[in-house]
Amino acid sequence: MAATESVDVAALAQLARLSLEAHDAETVARQLGEILAHLETLQAIDVDGVLPWSPDAPASAPLRSDVAAAPLDRAAILAGVPAVDGELVAVPRFVDT
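In case it helps, the working numbering puts the sequence shown at residues 8 to 104.
The hints are simulated quantities; they were obtained by calculation from the structure and are not laboratory data.
Treat the hints with care, since some could be wrong.
To be verified - For each label pair, taking beta carbons as the anchor points, the in silico distance ranges come out as:
no. : residue 1 : residue 2 : range
1   : L85       : G40       : 47 to 57 Å
2   : S61       : G93       : 42 to 52 Å
3   : G93       : L27       : 34 to 44 Å
4   : V102      : R37       : 19 to 29 Å
5   : A97       : R24       : 18 to 28 Å
These numbers come from a predicted model, not from an experiment.
Don't be surprised by glycine CBs; every beta carbon is placed ideally from N, CA and C.
Input sequences plus hints: build the corresponding full structure.
This is the structure we're talking about:
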């Protein structure tokens with residue numbers, strides 16, 4: 008891995024607010040290179056004459072009215088969740104603090 012690649016990976020990690028260990032920089036640089044190579048492959052595909060994708064639903068699909076309604080019953084909602092903490096839905100920790 009060239010020195011500029013490690014600087015670029017460190018800069019990208021900082022911009023993305025990621026904590027990247029020095030020993031992982033080479034792996035990340037390689038993976039980013041593979042992603043960019045794949046994107047270059049996709050850009051080389053001739054798409055002349057291919058119509059843009061359009062959704063099946065018409066552009067004027069009806070939306071429901073945005074009107075206030077009665078609040079949902081908290082006890083009924085909490086009865087359907089796996090874990091509660093008082094009157095809140097409890098979820099497992101997924102970010103180390």
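Hints versus structure:
1. L85 with G40: 47 to 57 Å: 48 Å Cβ-Cβ, so the 47 to 57 Å window holds.
2. S61 with G93: 42 to 52 Å: 47 Å, holds
3. G93 with L27: 34 to 44 Å: At roughly 38 Å between Cβ atoms, L27 and G93 fall inside 34 to 44 Å, so the hint holds.
4. V102 with R37: 19 to 29 Å: Cβ of V102 to Cβ of R37: about 27 Å, so the range 19 to 29 Å holds.
5. A97 with R24: 18 to 28 Å: 27 Å, holds
In summary, this structure violates none of the numbered hints.
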